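2 protein chains.
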Amino acid sequence: MPNVDFIFDFASPNAYLSHQVIPGIEERTGAKFNYVPCLLGGIFKATGNQAPMLAFAGIKGKLEYDRVEIERFIKRHNIAFTMNPHFPVNTLLIARAAVAADMEGQLADYVETVFNHMWREPKKMDDPEVVVAALNESGFDGQGLVEKTQDPAVKAKLVENTEKAVERGAFGIPTFYVGDEMFYGKDRLDQVEEEIRRQS
Amino acid sequence: MPNVDFIFDFASPNAYLSHQVIPGIEERTGAKFNYVPCLLGGIFKATGNQAPMLAFAGIKGKLEYDRVEIERFIKRHNIAFTMNPHFPVNTLLIARAAVAADMEGQLADYVETVFNHMWREPKKMDDPEVVVAALNESGFDGQGLVEKTQDPAVKAKLVENTEKAVERGAFGIPTFYVGDEMFYGKDRLDQVEEEIRRQS
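In order, the protein sequences belong to chains A and B.
When you line the first sequence up against the numbering used here, it's residues 1 to 200, in that order.
When you line the second sequence up against the numbering used here, it's residues 1 to 200, in that order.
Same shape as in the complex, but just chain A (with noise of 0.2 angstroms):
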């Protein structure tokens, strides 16, 4: 079974989606993917890329038909969805918590959680108040793990994990590995679930 990676930041509504469509591809193939929490910021200041909303502000019609795209996949994979109205939300304070929370083994729940906190129910997630109300109210020690985004360790993990994923040739969110062949964007996770059959 493929090693299978998905560069994600909680920022992106399209890394959210993603995240909607990636369990049914689990029981499907029988992969695991491993999240790993990025800043997507980072990726663009060192790729010099930059938010669609920018990148696409001067083209006519580009970013409407981006949103008619956003409205095709939530219809197709009957997602629960609601815009943000933060957007867009910096996302250091979440970003370092994931890490925090990887290291204690509780990932896949906090992942889950801030999701949900970002784009089902969404919050000002980079208020650092609201953050530890969002988490102690899902079951986690919100206190405990903003105060773990301070340690040294932990912010060096988050740099570590976005600058190699520039390396591997990551230029935005979400970005998915399987083996060593790349894939971006949500739309191409057909592509993906295809690539861990073949290299399964």
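Check each hint, because a few of them may be wrong.
Identical copies carry no separate label here, and so any pair may be met within one copy or between two of them.
30 angstroms max Cα-Cα, derived DSBU-like pairs, lysine-lysine [stated by the list, open to error]:
{"hint": "1", "residue 1": "Lys-32", "residue 2": "Lys-62"}
{"hint": "2", "residue 1": "Lys-148", "residue 2": "Lys-62"}
{"hint": "3", "residue 1": "Lys-60", "residue 2": "Lys-148"}
{"hint": "4", "residue 1": "Lys-45", "residue 2": "Lys-75"}
{"hint": "5", "residue 1": "Lys-60", "residue 2": "Lys-32"}
{"hint": "6", "residue 1": "Lys-32", "residue 2": "Lys-75"}
{"hint": "7", "residue 1": "Lys-62", "residue 2": "Lys-155"}
{"hint": "8", "residue 1": "Lys-148", "residue 2": "Lys-32"}
{"hint": "9", "residue 1": "Lys-123", "residue 2": "Lys-75"}
{"hint": "10", "residue 1": "Lys-62", "residue 2": "Lys-157"}
{"hint": "11", "residue 1": "Lys-45", "residue 2": "Lys-62"}
{"hint": "12", "residue 1": "Lys-157", "residue 2": "Lys-75"}
{"hint": "13", "residue 1": "Lys-148", "residue 2": "Lys-75"}
{"hint": "14", "residue 1": "Lys-155", "residue 2": "Lys-75"}
{"hint": "15", "residue 1": "Lys-157", "residue 2": "Lys-45"}
{"hint": "16", "residue 1": "Lys-60", "residue 2": "Lys-157"}
{"hint": "17", "residue 1": "Lys-60", "residue 2": "Lys-75"}
{"hint": "18", "residue 1": "Lys-45", "residue 2": "Lys-60"}
{"hint": "19", "residue 1": "Lys-123", "residue 2": "Lys-62"}
{"hint": "20", "residue 1": "Lys-62", "residue 2": "Lys-75"}
Simulated from the structure, these hints should not be mistaken for laboratory data.
Quick caveat, the model's predicted, so the values are computed rather than measured.
Chain B: place on chain A using the hints.
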């Protein structure tokens, strides 16, 4: 059966690659794609968009990934493709000649022929002498078609096709319409096929 339009320009490798996949979709669904010759340069000018080669030149990894995607598509669909060494080719002449060929009921043959001279046995198809020779070689009246490109009605029709595509939301090529539903990019052809079935 819904109306299906294919907004294309011979300049675009992705239009050529789409053209190789369309016959299978037509066969499976019974739909017939209307090929609408347009000027990609005109679409770019009207929408503020630009060629990926320019738009993404500054983004580390992006153009490399796009090449991987093209290679995967070619492999998946088993397509004969040779990069045109004269890329980018100015397609004004061969796009106008496509309109002229359409007026004579020869569009399908012309499209097949010219895509072949662009992306299978690539030639400098913005050189009128090369164009005439290539068309003659393929059984067309090359000189006659090139002369008809100066017909004001032919010129106006190409402008009209291009403007209408922009009005409908196109910002690049290949763009597809199934009824009023727009799809951008060769990687949406699966969705185009699904939408044809949905509307049939």
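Going down the list of hints, with the structure as the test:
1. In this assembly of identical chains, the alpha carbons of Lys-32 and Lys-62 lie at most 30 angstroms apart only when taken from different copies (27 angstroms versus 34 angstroms within one copy).
2. For a Cα distance limit of 30 angstroms, the shortest separation of Lys-148 from Lys-62 qualifies neither inside one copy, at 41 angstroms, nor across copies, at 35 angstroms.
3. Taking identical chains as interchangeable, the C-alpha atoms of Lys-60 and Lys-148 are never at most 30 angstroms apart, the minima being 44 angstroms within one chain and 33 angstroms between chains.
4. When the C-alpha separation of Lys-45 and Lys-75 is checked against a cutoff of 30 angstroms, the pair qualifies neither within a copy, at 33 angstroms, nor between copies, at 33 angstroms.
5. In this homomeric assembly, Lys-60 and Lys-32 come within 30 angstroms of each other (Cα to Cα) only across copies, at 29 angstroms, whereas the closest approach inside a single copy is 40 angstroms.
6. In the homo-oligomer, the alpha carbons of Lys-32 and Lys-75 lie at most 30 angstroms apart both inside one protomer (25 angstroms) and across protomers (27 angstroms), since each shortest distance falls under that limit.
7. In the homo-oligomer, the alpha carbons of Lys-62 and Lys-155 lie at most 30 angstroms apart only across protomers (27 angstroms), although the nearest pairing inside one protomer, at 36 angstroms, exceeds that limit.
8. For the identical chains of this complex, Lys-148 and Lys-32 are intra-copy neighbours only, at 27 angstroms inside a copy versus 60 angstroms across copies, given an alpha-carbon limit of 30 angstroms.
9. In this assembly of identical chains, Lys-123 and Lys-75 lie within 30 angstroms of each other by CA distance solely inside one copy; the values are 23 angstroms within and 44 angstroms between copies.
10. Only between protomers do Lys-62 and Lys-157 lie at most 30 angstroms apart by alpha-carbon distance; the minimum there is 25 angstroms, versus 35 angstroms within a single protomer.
11. In the homo-oligomer, the alpha carbons of Lys-45 and Lys-62 lie at most 30 angstroms apart both inside one protomer (23 angstroms) and across protomers (14 angstroms), since each shortest distance falls under that limit.
12. Proximity of Lys-157 to Lys-75 under the C-alpha cut-off of 30 angstroms is found in neither arrangement, the shortest distances being 36 angstroms within a copy and 37 angstroms between copies.
13. For the homomeric pair Lys-148 and Lys-75, neither the shortest alpha-carbon distance inside one copy (38 angstroms) nor that between copies (47 angstroms) is at most 30 angstroms.
14. Within a single copy, Lys-155 and Lys-75 get their C-alpha atoms no closer than 37 angstroms, and across copies no closer than 42 angstroms, so neither meets the 30 angstroms cut-off.
15. In this assembly of identical chains, Lys-157 and Lys-45 lie within 30 angstroms of each other by CA distance solely inside one copy; the values are 18 angstroms within and 44 angstroms between copies.
16. For the homomeric pair Lys-60 and Lys-157, the shortest alpha-carbon distance between copies (22 angstroms) is at most 30 angstroms, but the shortest distance inside one copy (40 angstroms) is not.
17. Taking the shortest alpha-carbon separations for Lys-60 and Lys-75, only the intra-copy value of 25 angstroms comes in at or below 30 angstroms, while the best inter-copy value is 33 angstroms.
18. In this homomeric assembly, Lys-45 and Lys-60 come within 30 angstroms of each other (Cα to Cα) both inside a single copy, at 25 angstroms, and across copies, at 10 angstroms.
19. Taking the shortest alpha-carbon separations for Lys-123 and Lys-62, only the intra-copy value of 27 angstroms comes in at or below 30 angstroms, while the best inter-copy value is 32 angstroms.
20. Both within a single protomer and between protomers do Lys-62 and Lys-75 lie at most 30 angstroms apart by alpha-carbon distance, with minima of 20 angstroms and 28 angstroms respectively.
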